[in-house]
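Using the sequences provided together with the hints, build the complete structure.
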Amino acid sequence: MPPPEPTPMVPGSRTAAPSPHQVIEGLKATDDPRALELLTPEGERVAHPEFDPYLSDIGPEELKGFYRDMVLVRRYDREGNALQRQGQLGIWVPLLGQEAAQIGAGRALTPKDMAFPSYREHGVAWCRGVDLKDLLGIFRCSDHSSWDYQEKRFTPYTIVIGNQVLNAAGYAMGQRFDGKVGNTDEAENEATMVFFGDGATSQGDVHEGFVWASVYDAPLVFFCQNNQWAISEPTERQSRLPLYNRARGYGFPGVRVDGNDVLACLAVSRWALEQCRAGNGPVLIEAFTYRMDAHTTTDDPTRYRLSDELETWKLKDPIERVRVHLARNGLADNEFFDSVQAESDALAEQIREHCFAMPQPGPERVFANVYHDPHPVLDAQRDEYLDYLAGFEEEGVH
Amino acid sequence: MPPPEPTPMVPGSRTAAPSPHQVIEGLKATDDPRALELLTPEGERVAHPEFDPYLSDIGPEELKGFYRDMVLVRRYDREGNALQRQGQLGIWVPLLGQEAAQIGAGRALTPKDMAFPSYREHGVAWCRGVDLKDLLGIFRCSDHSSWDYQEKRFTPYTIVIGNQVLNAAGYAMGQRFDGKVGNTDEAENEATMVFFGDGATSQGDVHEGFVWASVYDAPLVFFCQNNQWAISEPTERQSRLPLYNRARGYGFPGVRVDGNDVLACLAVSRWALEQCRAGNGPVLIEAFTYRMDAHTTTDDPTRYRLSDELETWKLKDPIERVRVHLARNGLADNEFFDSVQAESDALAEQIREHCFAMPQPGPERVFANVYHDPHPVLDAQRDEYLDYLAGFEEEGVH
Amino acid sequence: MAAPVISRAAEQSPSATQKLTIGKALNLGLRTAMENDPKVIVMGEDVGKLGGVFRITDGLQKDFGEHRVLDTPLAESGIIGTAVGLAIRGYRPVCEIQFDGFIFPGFDQIVSQVAKVHFRSEGRLRMPMVIRVPFGGGIGAVEHHSESPESYFAHTAGLRVVSCSNAVDAYWMLQQAIQCEDPVLFFEPKRYYHSGALRAEVDTAVTPAPLFSSQVLRTGNSATLVAYGPSVKVCLDAAAAADEDGTSLEVIDLRTLSPLDLGPVFESVRKTGRLIAVSEAPANSSLTSEIAMRVQQECFYSLEAPVLRVTGFDTPYPPTKLEEHFLPDLDRVLHAVDRALAW
Amino acid sequence: MAAPVISRAAEQSPSATQKLTIGKALNLGLRTAMENDPKVIVMGEDVGKLGGVFRITDGLQKDFGEHRVLDTPLAESGIIGTAVGLAIRGYRPVCEIQFDGFIFPGFDQIVSQVAKVHFRSEGRLRMPMVIRVPFGGGIGAVEHHSESPESYFAHTAGLRVVSCSNAVDAYWMLQQAIQCEDPVLFFEPKRYYHSGALRAEVDTAVTPAPLFSSQVLRTGNSATLVAYGPSVKVCLDAAAAADEDGTSLEVIDLRTLSPLDLGPVFESVRKTGRLIAVSEAPANSSLTSEIAMRVQQECFYSLEAPVLRVTGFDTPYPPTKLEEHFLPDLDRVLHAVDRALAW
Ligand SMILES: Cc1ncc(C[n+]2csc(CCOP(=O)(O)OP(=O)(O)O)c2C)c(N)n1
Ligand SMILES: Cc1ncc(C[n+]2csc(CCOP(=O)(O)OP(=O)(O)O)c2C)c(N)n1
Ligand SMILES: [Mg+2]
Ligand SMILES: [Mg+2]
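Chains as they are written, first to last, in the working numbering: chain A, 6 to 403; chain B, 6 to 403; chain C, 207 to 549; chain D, 207 to 549.
The set of hints was computed from the structure by calculation and includes no laboratory data.
Take these hints with a grain of salt, some might be off.
[To be verified] These stretches of chain D come out as covered by chain C in the derived footprint (C-beta under 8 Å, 3 or more residues):
1) 308-317
2) 321-329
3) 490-497
4) 512-526
[Stated by the list, open to error] With a cut-off of at most 25 Å between alpha-carbon atoms, the simulated PhoX-like pairs for lysine-lysine come out as follows:
5) B:Lys-157 x B:Lys-321
6) B:Lys-138 x D:Lys-527
7) D:Lys-245 x A:Lys-157
8) D:Lys-477 x D:Lys-439
9) A:Lys-69 x A:Lys-138
10) C:Lys-245 x B:Lys-117
11) B:Lys-157 x C:Lys-245
12) D:Lys-245 x D:Lys-268
13) B:Lys-117 x B:Lys-157
14) D:Lys-245 x A:Lys-117
15) B:Lys-157 x B:Lys-138
16) A:Lys-138 x C:Lys-245
[Unchecked claim] Footprint (simulated), chain A over chain D, 3 or more residues, beta carbon under 8 Å:
17) 381-390
18) 471-482
The beta carbon of each residue, even a glycine, is placed where N, CA and C say it ideally should be.
Take a look at the structure:
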């Protein structure tokens, strides 16, 4: 799958990119329905002439870094799940099994790039430098998202399925309008990545995102984590064909990648982002993976899927294959594995402590930040309510 | 483009049709980006091994019938346009240039099939046996649609772009649930056809219609009249690629047909309907045509397109090529052409007369048929308003 | 199709009462409607094997098959839009919207098609469709899962809107809504779906009250409380508490939000002179506004205090650690009663 | 980018008045906002070469380029949803919705994102976006082209909603809305866009009234009329007619629909004791309900008659041959005044 030669282009110019030829080449490039795999479940590194160049800077240290990333976010995920079971969180949305997809994609992003998550992207959040403690508020139901989105370049979690895809398309249009694609100085270029699930592909907003991004040549990577389930519905309820095919109807490349292979996810994401930064417009990546846990802690998957399925997928575990690869090839010793283990224990401890210490927000938060500018009607409601509460305190009733 | 062998199937059964093989074959079948043409602008009949069988019953009489259809609906269209200019109608939505697409599609439908129009399908209405006089009310703004939809199997005009595509998908699902596809007795089978424009393809509802119809194998033909303009916006504002490609991302066939060629439109529509009736699920037809007049009578196309474009398309006129073909091959004489002319004059006259005689609806219509069952709040509003009006009459003020 | 035991029992005994939660009553109501009319189909996300995220459709796909209980693709416009077509085909679709906050992708189809097809077609096409919406807060959920969007639909001509507050109504109103020839938005108080405290004897053999009628649930003289859905329980609790203080409150369950059946409210206000409308929805331009508007018009000389409201604030639903502040509760209702009485 | 002559003139003369229709005033307001801030972009269907179906964006693409005036694909969720992203990127999008009835495909993005991003992000993300909606009836159009959906947005916390009724407000309010850091739904009385009768002198050098304020347009003692958008002219005409009969009506242009600025209305009602709220929108659970609710609460002892309404009926907008019945007109307003005076 040779990345089409990026054509130098006038920043922001509508007609410069991509040529019909590039579009057609891009489509041809993805004709292979098998998911791209660079590291097998058995930990074998598979050579790939077109995608290996995207990993030329990935040595043992980097791979160990990805291993650490995945172990930490998995540990974080399990801790979140446990905290929910203990009643400390209102709900938990597990990422178990999707670590490679999220770390591969997340590590492909540069600090200038923007990411629009859905609600399961704790691994991407980690890569963006979001303090994992800051994600807890959403699930403790004490805030709706609380990190610095502009600094981290990672927007709030979005729950209404598909909405963020259009929002990301708009953001990426802005990057293009700002002249941040197609510059010869590559450091000037930017792209956006948006995350959504297999179920989300049915929503009108995702389609409209495809339309907008393609006709505006927006530098947007559509990163679809096909974890094969939308709550209780398997992907066949959403589509006859593998989802990466969707892109072809709009004239941009769609690629299926083994979503449990962190190297393949990284390489494909880098390639796709490069396409975007060059000004060729959007790319769809379908990361084929598996939701190893329930949809959320309120879900009971035994009602709709057989446990064999899970057993099969355990054999394709995204972390295990990296561990085997590192160990077998003598790239990491026990000391390394132990230190990651220790680090993850420490992270879990921190998360627990933080969770227990999280303050209850005050009633004024209900009224705060609904608007930026003053709003007399709402201010009056707030004042009245706070007075009412104060009345209780005076009476000592509360 | 050989139609895949229809597999006999259990009516209503979800998994029987189509096989992945059929889907893939269907996709391959449409790999040719050129629009299918069976009658050239010069009136030459082009042989086509796969599609000619769909015209085996079309002799000179039938062709003359299509000529008559097209001449009559064009005359109707021009009369509607004129009546608007004379202030008799609030607006007119011309179909000029799209006669072949609409007559080809409309004549492919059997009485049992259902059709869901947008707002420009006067030609399809004609084929469904709707009295063209009954369309006037919409444009005179005295009703919102007034024919018998179930008898004609032609639903009310739909103005919110894209809505009808989902409605049609639901109807076609119902046909399938009712066991009306895949029966060996072909007379038992039914299909649905839905009409929409190039601009409409951007709407989320059209995408969701593609998703629903494909995963439910609904017998639905998506008939997209690509008249190259959505008011002032050319198709490039909606898509990088020709629109028939869209279907491929969902796993059903998409075909581009010369929308000014009534025979090609008929043959492709029949093929597509056959696919549907056999239980293979949906087909997308992109009829590539041209909007020869303004978007509506309120539009001024000189602001956004050059008149040469129109001149080029006049050479591809859908009616002229049939006339030339009939005349050159001695299939019709002047008497025939004159009689169609006379018939169209008579139609125009009838339409005018009907238009002038259309009664002003009474105020009770405002309140009628909002609900089927009684509604005390609205009834009270009606009574109060009618009393109020009666007050004027008593006073003789009105 | 296996006939379900539970309702076979109902068929056998002329006055069969069962103690049911609201959730189970809805399930039984759906099941009965599906048995009575083969054109009734259920559609939505996860309504099949899973039985819906709240289990309201539990067991229905197993008993009625995949063509009568459809696990749809994930898109609300698609659910509503295809239901419109199915209704035109002669089906009576019952659509489940998974949570209140997810009805908006389907809003256009509801407003432009569901509400208008009958009018547009001069009654030639009917739209007998039910859109079930679990609504309201108090469940400690994340964003978009606790909203009260009913006023949007009450404001939309061509729709009917109802809400049940107890198991008996849940059972009957859902069946009546399915029988209605017009489209009905059916709002269900999700926070009480599985409440044991609200479990009630449901007699499946009686003749129910008409669907589009309000009901006085408790009589009183000092002031009137009007509410619907989950707020009815708040009002009943408040009335019980007030009673202990010697204040006698009348409580009216609106049940029908559009058309409003305000007759019982007018009558009550003529007696008490005071009205407090209670709802979790933000106040601005809402159903409670409409109630106040109509009451001040019809009972102008009876009102001894203005109509007051206890509602959600004009804010998005807050993070649910804060929802106790947002939601009307017994204290806020009684505070409003005090204000009304002191006017 | 060629600086447009029309506003160069404005820059040169400190008090430059021009006689403008509402449509031209909006166009000039947009142009001025785009000149003042390069982050202001205009997007919608046909807003480019065509200048919009009402020509409100006429000439803007020619002067500001295709990247500041975007002819978008045909999908309203796409228009609003991408505008959200552009706003996060630092732009100030001004979206045109072609007709009132076509805002619904974009409703979800408005309710779930536009209205909530600021709250969700605790103010870290702003949503300075204007959604322009030509609204209301009286233009003899086909279905979906004459609606008054403003109450849906007034009911939605997180949004601001305004409507202009004259050329001066059109010019200023649009610029103020674009400067607002919160999202503003901007409802334009399309039937008067090109009305010569409503052409007015617009002084582009004065300091305008604050955006979120109501204004008394005509003083009177007998009763108060409150309206917004196209209904303001109906009320002014009614007041002029009533004057001839010796009835003196006060007319208030609401201008801001959310937040409501009811101070002037309360003050007026305390004087006149009678209020009639006028709007083309269906009555049920609407802005006029809210006005009545708040007025009966604030002016309980001043009201000599209940608040009355003259509105569209609770029906879909009828075929426009019938719209004269649906739309509030001078006669219906005066009839309501008579009823209020006779109470
Ligand atoms: C518009 C909307 N409808 C319904 C829901 C409820 N819901 C939450 S997650 C989910 C399934 C999503 O599946 P998918 O897109 O595959 O993502 P995954 O959860 O598997 O990561 C549903 C139906 C929602 N959040 N938004
Ligand atoms: C949801 C919606 N948005 C906008 C409009 C206004 N509008 C009417 S027709 C039209 C263009 C449609 O173009 P296309 O789909 O190509 O159909 P054509 O009119 O060319 O037949 C637009 C934007 C509408 N009717 N509905
Ligand atoms: Mg999934
Ligand atoms: Mg078109």
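Quick rundown of the hints versus the structure:
no.	hint	in the structure
1	308-317	holds (count 5)
2	321-329	holds (count 4)
3	490-497	holds (count 7)
4	512-526	holds (count 8)
5	B:Lys-157 x B:Lys-321	violated, 31 Å
6	B:Lys-138 x D:Lys-527	holds, 17 Å
7	D:Lys-245 x A:Lys-157	holds, 23 Å
8	D:Lys-477 x D:Lys-439	holds, 23 Å
9	A:Lys-69 x A:Lys-138	holds, 23 Å
10	C:Lys-245 x B:Lys-117	holds, 20 Å
11	B:Lys-157 x C:Lys-245	holds, 23 Å
12	D:Lys-245 x D:Lys-268	holds, 17 Å
13	B:Lys-117 x B:Lys-157	holds, 9 Å
14	D:Lys-245 x A:Lys-117	holds, 20 Å
15	B:Lys-157 x B:Lys-138	holds, 14 Å
16	A:Lys-138 x C:Lys-245	violated, 51 Å
17	381-390	holds (count 3)
18	471-482	violated (count 0)
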